[in-house]
Structure formats: C-alpha cells, structure tokens
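Peer 1: For reference, the chains in residue letters:
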Amino acid sequence: MTKTRPQIAYVIDPRFPGGTSAAVADELAVAAGMGDLAVHAVSSAMFKGRQVAPVLDRALAALGLRLNWDAPAIGGDLVILHNPSFLKFQARLAPRLVARRLVVVTHENFALPGGLPGFDVAACLAQIDAASFAGEKILAPVSPYNRETVAAWCAAHPAAARPWALAGEDWFNICAPGDAAATPRPRDRRGRHSRAGIEKFPPLADLDLSFPESAEANVILGADSLMAAGPLRPHWALFPFHGIEIERYFEMIDFMVYHTAPTLRESFGRVLAEGIAAGKVVIADPDTASVFEGGVIGARPDEVSDVIARHIEATHLYAQQVDRGRAALARFSASRFAAMMAQHLAPAEAAA
Amino acid sequence: MIVVEAGRRDERSLDARLLFAADLAAHGYDAVIDEETVPEALARATRYDAAPYLSARADLAPAAILVIGAEEIGDDTLLTLRDYALPPEVQIAGLGRFASHQARLTAEARLAHATGRTPVIVDLEAEAPGLAPGSVLPLLASAGAAPAAEIPTLALAFGAELLEDPQTLPLLTAMNNLGAMRLRLITTGKAKDQIKGTRYAALPVFSVTELPPAALARGIELLAVLGPGAPGERVAALATALLARGGAVIDSTEEAALAASGAPVLRGPATLAGLPGFAEHTVLPNRAEIARAAEGDPWIARHALPRIAALAGLPAPERSGATAPPARGPRALFVPTNGNGLGHAQRAAQIARALPADLPAGFCAFPSCLPLLNAQGFAAAPLVSPTGAHEADDANDVLNALRLSRALAPGDQLVFDGGYVFTSIFRAIVESGARATWVRRGLWRPGQIAESHLDREKVFDQVIVPGEAFDELNTDLTFGPHIHKVGPIVQAAGAEAPEAMRSALAEALGAAFETLVVSMLGGGVAADRTAQLQTISAALAPRPGAVHVIVAWPGATLPAVLAQWPNTHIVTTLEALPLARAADLVISAAGYNAFHELIYARTPAIFIPQIAPYMDDQERRARAASDRGLALTVLPDELIVLSRAIEGALDHGEGAARARALAELTLPAPGTEDAARLIAERMA
Chain A
34 MTKTRPQIAY
44 VIDPRFPGGT
54 SAAVADELAV
64 AAGMGDLAVH
74 AVSSAMFKGR
84 QVAPVLDRAL
94 AALGLRLNWD
104 APAIGGDLVI
114 LHNPSFLKFQ
124 ARLAPRLVAR
134 RLVVVTHENF
144 ALPGGLPGFD
154 VAACLAQIDA
164 ASFAGEKILA
174 PVSPYNRETV
184 AAWCAAHPAA
194 ARPWALAGED
204 WFNICAPGDA
214 AATPRPRDRR
224 GRHSRAGIEK
234 FPPLADLDLS
244 FPESAEANVI
254 LGADSLMAAG
264 PLRPHWALFP
274 FHGIEIERYF
284 EMIDFMVYHT
294 APTLRESFGR
304 VLAEGIAAGK
314 VVIADPDTAS
324 VFEGGVIGAR
334 PDEVSDVIAR
344 HIEATHLYAQ
354 QVDRGRAALA
364 RFSASRFAAM
374 MAQHLAPAEA
384 AA
Chain B
48 MIVVEAGRRD
58 ERSLDARLLF
68 AADLAAHGYD
78 AVIDEETVPE
88 ALARATRYDA
98 APYLSARADL
108 APAAILVIGA
118 EEIGDDTLLT
128 LRDYALPPEV
138 QIAGLGRFAS
148 HQARLTAEAR
158 LAHATGRTPV
168 IVDLEAEAPG
178 LAPGSVLPLL
188 ASAGAAPAAE
198 IPTLALAFGA
208 ELLEDPQTLP
218 LLTAMNNLGA
228 MRLRLITTGK
238 AKDQIKGTRY
248 AALPVFSVTE
258 LPPAALARGI
268 ELLAVLGPGA
278 PGERVAALAT
288 ALLARGGAVI
298 DSTEEAALAA
308 SGAPVLRGPA
318 TLAGLPGFAE
328 HTVLPNRAEI
338 ARAAEGDPWI
348 ARHALPRIAA
358 LAGLPAPERS
368 GATAPPARGP
378 RALFVPTNGN
388 GLGHAQRAAQ
398 IARALPADLP
408 AGFCAFPSCL
418 PLLNAQGFAA
428 APLVSPTGAH
438 EADDANDVLN
448 ALRLSRALAP
458 GDQLVFDGGY
468 VFTSIFRAIV
478 ESGARATWVR
488 RGLWRPGQIA
498 ESHLDREKVF
508 DQVIVPGEAF
518 DELNTDLTFG
528 PHIHKVGPIV
538 QAAGAEAPEA
548 MRSALAEALG
558 AAFETLVVSM
568 LGGGVAADRT
578 AQLQTISAAL
588 APRPGAVHVI
598 VAWPGATLPA
608 VLAQWPNTHI
618 VTTLEALPLA
628 RAADLVISAA
638 GYNAFHELIY
648 ARTPAIFIPQ
658 IAPYMDDQER
668 RARAASDRGL
678 ALTVLPDELI
688 VLSRAIEGAL
698 DHGEGAARAR
708 ALAELTLPAP
718 GTEDAARLIA
728 ERMA
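As given, the protein sequences belong to chains A and B, one line each in that order. Just so we're aligned: the first sequence equals residues 34 to 385 in the numbering used here. Just so we're aligned: the second sequence equals residues 48 to 731 in the numbering used here.
These aren't lab readings, by the way, just hints derived from the structure by calculation. Incorrect hints may have been included.
As the list claims (entries may be wrong) - Label-pair ranges, simulated between beta-carbon atoms:
#: 1; chain 1: A; residue 1: A124; chain 2: B; residue 2: G309; range: 20 to 30 angstroms
#: 2; chain 1: B; residue 1: T165; chain 2: A; residue 2: D356; range: 53 to 63 angstroms
#: 3; chain 1: B; residue 1: G309; chain 2: A; residue 2: A379; range: 55 to 65 angstroms
#: 4; chain 1: B; residue 1: T525; chain 2: A; residue 2: A78; range: 54 to 64 angstroms
#: 5; chain 1: B; residue 1: L449; chain 2: A; residue 2: R266; range: 37 to 47 angstroms
#: 6; chain 1: B; residue 1: P134; chain 2: A; residue 2: G97; range: 55 to 65 angstroms
The C-beta atom is built at its ideal place from N, Cα and C for all residues, glycine as well.
From just these sequences and the hints, can you work out the full model?
Peer 2: Here it is in structure tokens:
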C-alpha cells in the first residue's frame, strides 16, 4: 500500500513587504519536502497595487512553484494561512478553505503594549472562519510574547474565539545561523535597521542614548522619517529603507542596537536574527530580547553605552555573545521547524 | 492650550483646522495651530483666518492635541506629533469619520506610536455626523445669541450651476428689493466674480471663503441652501451655526440632503422662484417658534461642541467663552484710513466730537494720524502701516484685523472713514458682530473707486456721504435706504479774532507785517510741492511788509531751501484754520477738509489742486469755486500764472472781490451734527 503525500496549501497575500513574506519564503522549502505543496495568493484590499515581495519570488522560483492567484476554493490536509491581518481592510475572504486542519499563523501581535488592539482581530478571524470548513482550526503564534497577546484576546473574546484552538508550539520563523565571523577587535560602531514606519523608532531621547556622539559610527538604515524631519544629528549616518545593501550596512557596524516605539513590540524579531546571523552583538529592549534566550542582550537605551563599552574592553565577551546568538538561532532551525510542522500533519496530534 | 492638528496637510484639512480652532476659541478654549505645520504661502483669506491661531512651536504648551480628519493620518502629521516629545499628561484625541472598526484602530495605533500614549478616538460619523458627509471639519453646533434683527436677513447658499438659468439673477434682484427681508448671497468665488461682472453687480454676494462660517452666520436669520446635493463643508458649518443660534435653515436642495440628516431644517421649495413666498409667509411668521424648538432639539444637542469636547477628553475651557461682553459700555470706534493727508482722521474727529455725551468714542488709527487725534483729545490705539518688509503685501493688515477684532465688542459700532475698505475692517465688522458705518465722501475720479471697493459696502449698516458745498459735485455711487447724505463735514471756525492771531504770529516770528500769505499745499505725499512753494516765496520775497507762512503737518517733510527766503517761515501745526482765517491770501490744495474750511470761513484762496490719479478730483472741486468767482484755480505746473495770481490778489484787489462773493454765498448747512446723530441712532 503506497503512502500518499499530504496535501499542504499556503494561503497568503504575497505582497507583505516585511517579515511575513520573509518567514513564509524560508519555510516553503521545508514544507515542500513534507508534502505536495500549493501556494495560493489572495488579492487583499490591504496591498492593492503592490508587487509580490522579492524574497517570495525568489523562494518560489527556487522551488519551481508558481503562485495560484485568487482560487475560488483551496483545499488540503493542512491549510496554512499566514498573517490574518491582511484581511483587515476588507469584509470577506473570497476563497473557500477546506482542510483537515487549518492553521492561522498570527504574525501580528493581537494587542499592542498598553493594551490597544493590534488590529481588528475579530473581523479578520471571522472572515476566515466563515470561509473555511476544517476539522480543526488552529491559531499558531510565532513567539511567546505573540502567544500571550493571542491567548489574552481569546480569553477576552470567548465567543469570537470559540472556533479556534491555540497551537501548543510556536510557529516560529526559521532563522539561518549565518557564517559571518565575529570581529576580533570590536569598535564602537553602532547601527540599526528596520522598515521606515514611525512605530519602529523609539522617542528621540532614546535614540540619542542609543546612538550618541561619542560613538565612532551610528548607522541608521530605514531612517526615512528621521530624514524627513531634517538633519537631526550630525553624528548619525542616515539611510532610507533599502538605501544601501544590507551587507554593506553590516560591514559598517559591530553592535546592532534596536528599540522601537514603546507602543510597539516585535512579534518575533526577525531583524534581530539578521543581526545575529551577521556576526554582530545585538542589543534590544529586554522583552524583545527574551525571544532569543540570551542570544540578544536586553538593555534599556540608557544602559546601551555601558554594555558596548564592556564588550569592547573585553573582546572575549564580544565573541561569547556572538556565539550565544548563534546558539539561540539554532533553536529556530529548519529541522526544528520541520519537526513542528510534522506535528500538524499527524492526524492524531492536535493542538494543545 | 489646545493644539489643533489634522491627519493630512492638504488645503482642505488646513481650512478645517482653522475653522475648528475658531469654534473652540468661541467656547473659551485657547486653540492654536503650530505655524510650522502651515504652508508659508497661504491664500489671502486664509492668512486672515489663520492669524489669530498660529503659534510658534517654541510657544506651544498644550494640555491636549486634537487631530481632526483622523481617518487618514499621514506621515507628516505623525512626525510632527513625535517631534513634540509631549509630556505624559498631554491628552491626544483623534476625531474622524471611520469607515470601519479597523480604520478606527489604525488611527488609534498611529497616534499611539507617534505620541507614546493611548489616544482618545471620537468617531464623528457615529457621534455627530453633521450636514456634510465626509467633512474633515467637525460640524458642531456652537451656541450663540439668537438672531433678532428687525428686518431679518435671508441668505441663499448656492453653487455656480444656479447661474446657468438666465432667470436666476433677475429673480435674485427682485428678492433683494423685498421689504420684509434683506438678502445675502453666498456662493463660490467663481460664481461671485461672474455675478460682479454683470449688471446685477449690486447684489450683496459673499464668496463662501470670504469669511469664516461663524462670522457669516452672525448677520443671518434665515439660510436657504440650494443645489443638487449636500453642501460643502463651509456652507454646512454655516447652517449648523445658524441652527444652534435658533435661526431657520431651509433645505432647498434637490435631494433634500440636509433634511435627510435628521437636522431640524425646513424642507423648502427646490426652485428659486418658490423661495421668497415660502420664506416670507411660512418661515418668517414662525421665527420665534423655530428658535424655541432649537433650544431642546436632540440633533443640535448631539452636535453640541461641548459634548464632543467632553468625548475627546478635553479639559475645561480656559475662559467662559469668547463672546463675553467687555466691562465697558458700547462705543463708537472710529477708524480713519491713512490717506495722503490727515483729512480722514480730521473728519472722524469732528464727528466724534459731535456725538452725544453718553456715547463714548474710541479710535484705532495709523501712526500718521495719532498726533492729530491726540491733539484733539482722543486716545487712539495704533494700527500698523504697510512697511514693505514682508513678502505678503497685506501683512500689516492681517495684524490690524487682529487689533480691530480685539477692540470691538458686540454692541459697538465701527465708523470707518476712507475710500478703500481694508480686509481688516471688513472682517472685524463681521466677526465682532458690531454695527458699522462707512463715512465716504464723494468726488472720486472716474475709475478711482472700483466695483470691488464698493462690494464691501454690504457689511455696513449705513453709509454716510458728506456732501460737497457745490451740488454739481455730489454724485451717487450706490443707492438704497442705507445711504445717508449729509451736509459738508467741516470744522467750525474758532472764536479767536483774526487780528489777535496776526499779533500773536508777529510776536512769534519777531517781525511785524502788513500782509500775511499762508500756503497749505499738503505734506508732499501725493506730489512734490517744492516748485510751487519756491514760486510763492520768490513772489513774496521783494515785498518788505509781507510774511509768507508755510503750514506743515507734524511729520511732514519740506525742502530746507525754503527757509532761506527772507520772509518765508515754516510753521508746523495741526491748527491751520485760525492761521488761514487771519491771512490776506491763502494758497491751498483743494482736499475736502481744507477746501471746505476755507469756503465756510469765507476766506479768499488760490487753489492748487493735487492731481495725482489716486486722489479725489480736486481740480473739479477747485474749479467749482473759481467758476463762481469765489477763488482762483491754478494748476500745479502753472507757475507763472501762480506768480501773477499772487500779484493780482495782493495788488489789484482781486482778493477783495472774491471775499465779497464769498460773503454773499449761501452754503448748505454743515453735516457734522447729522452724521453724529445717524451714528448715535444706530447704537439704539
């Protein structure tokens, strides 16, 4: 008796410009090895007129896959819908989803720090629920903090959450460990990179603490909003989003320092993983850093300069921290992801 | 302090911010707009709208920031909010019309990210949808004094499409002559220009952006809105303001767009022809009942600004309201323009002196007028003269608009003496709700006073036209019951005897004289009078018993060379008339005041008219006298004629002949008392 390969269907709007598309691109290669894979693209109102993310284009091309745009029905043993927030500017999800198990990967936090809703979660999940016929409907958070916001939302909205179960294990981002060697002589060269959104930046006073005049270099990539406000600090080298190659940016720094607006918290923190993979010491706010379990140094902006000074003075600390980062990334490997995904493909192993 | 922001930085949003700031200010809030968020180049009307509310960023100390149009918040606005680095106690509120719950959440999150705090979000679509769908401006009701004019004003708001019907303007003209109502037309700037280009130009038309809606609403009791659909934001704001004051709003739109909103409007005929009858026979008799119903109307209560301010979490207003009456009683505030001389200020002072004792007079005047007014016992608040230092040619007038608005209170009357009604005066009248009188002497040169100048007559309650002494000089510029012609406004001659003045002058000059010649040719603003004064001085120099006195206003500049003539003296004084009355011969320009003072003092004169194209028609005025044998007219370039005229007057008895003619002349009664009476009556 031949064992049939499971049918795996991805449902995405492939025009997400940031971490969602990058995460999906990384996991498609794993999923392709675990079943018959179809990738369905949904034209959402959110990204009308935008292009497919290049990172996804490249991943699909490498796998010899094509996007199936706006299919009326999508079926599979496992249907994975990434980032339900792409439905937030519309009232209906067009395709019918038929699956043994439907997993909705919750890339966006359901709530912002302080308690504001991250987006209209109820409306987005209701669209998916109304469009789907599935044996199990699972919400899969991407990190412990993301899980907290999802669980809190479910608890606060029991009626809206009733169709959904919470995955037992995080649907984490696959992170390549990178092979860049740590510099043996770290210097006070600091940088950060992100999309240009105002939410990605902390208050100016915190930026001043993180990128002081005393530093040898302060490189800010994705600084469109700072550049729009005028030449704020002569000791900052500002570049717009995609203004320089990411490799060039990493050549310019030894420490990556990343804080956001206090009203935002990264749901996973791919940007920090990129810094680790590039062989840098990465410093972020303690909550965001906790995802990487020691691989990222948690520090407030007023603590950053001390942390950097210590790692410059004792260069072995720098090398140890880069190693800790690599070890942290190993927990987000493709093989671990495959194991996690296999759980979802196993009929009897439902979510916790 | 409340900082008013908008989601977008476009023209429409700026207009909405300015109007909303005005609404907040009317409720006692110290509402401001960060000047760094306003484009440097603003439309003329917008500069005036903005001036009261602009604040330097360094001076901002907000208790709250209100972001209107929050359904779409652009990066510029977010960056501004972030750059404020607000202290934690500052409240942020977003007011918008959110198409979905997500749209509301997006606004909430963006404001939170920019300011680091949780904003209050008010969905206007749910809380106070107003009369114009999609309006960025929160269309809220501001309570105000109920309209109570004896003859109510009906305003018609319409778009340019109404003018496509050839019957529109004749119908409007007929409505403008109804005794039961005054008419006011409110339309687009383009449609206003179109009307002003026709023979129906006398219609009182306002462009919808000419004045803020709240100011426009002050003079209106009834508003009829015509057109195919819902009105624009400004007309909607005007209608809302009027409803809140107990006025009547007639929905004459084809689709009943206003009535469909649930607002307490009256559904009226959708055709212009049906409106006069409907307004006069259906609405006017029920005005009191309409005003009473407005007081308890749920739609108005729902749209009340204090209610929405409370929802937005605003603190209590800084003041009890901007319309609190001043501690002083009503007054007549005279505003003379700064002409080429001091005639306007002098005439205004004469009228002010004639006011009843229980009606105080105040003055706002340009610096050139202040010494004269002060000398006559009037304190005056200074206005700002144009300096040429600013790119905008009306920068001084924007400041004057602020000064005048602050100087006026409801119950006051602004009395303007001048030819061109500055925007500052126009706006101050309407925005303050003060009554207004325009003192406008005649004898304009053809084309000198344009139709656009007269357009602003529409905000004056009355126009007082001081007459000319000779009737052929009196012409009508505009017509109507608001035009009041009075006799010449002329300074009465003092009681001092000419002989005493001559003795005092001789003593002051240190030289006895037999012949006194006085020159009053003006301050040299309109034209250089050096040649004429040199000619007069040269003609009088060989006469040992003669003294030549050149009268100069304080501040006037005269060439130093004149002082070198042996018997010529320059006397700086504001009291020229007693000197002139003491003279054997007066050589004078023919401005309104000097001319009439000399004629009424029956002083023989040689008139040298100013003939600059922007002056009144002094030559006609001078010739009216010389044609009657009362004076001699010499044009400025007729210097030889001038020498001979002096000789004829002093040596050949020509001056005596003119004095006899003057003595026999019958003159119209002066109009100063009548002008003062008309102003006083308007205060009642």
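Peer 1: Indicate, hint by hint, whether the structure satisfies it.
Peer 2: The hints, checked one at a time:
Range check, A:A124 to B:G309: Cβ separation about 26 angstroms, and the 20 to 30 angstroms hint holds. Evaluation of the 53 to 63 angstroms hint for B:T165 and A:D356 yields a failure: the beta carbon distance comes to about 41 angstroms. Range check, B:G309 to A:A379: about 60 angstroms between beta-carbon atoms, so the 55 to 65 angstroms window is met. A hinted range of 54 to 64 angstroms holds for the C-beta pair B:T525 and A:A78, which are about 59 angstroms apart.
Between B:L449 and A:R266 the beta carbons are some 38 angstroms apart, a value that agrees with the proposed interval 37 to 47 angstroms. A C-beta distance of roughly 58 angstroms is found between B:P134 and A:G97, which places it inside the suggested range of 55 to 65 angstroms.
Hint compliance for this structure: hint 2 alone is broken.
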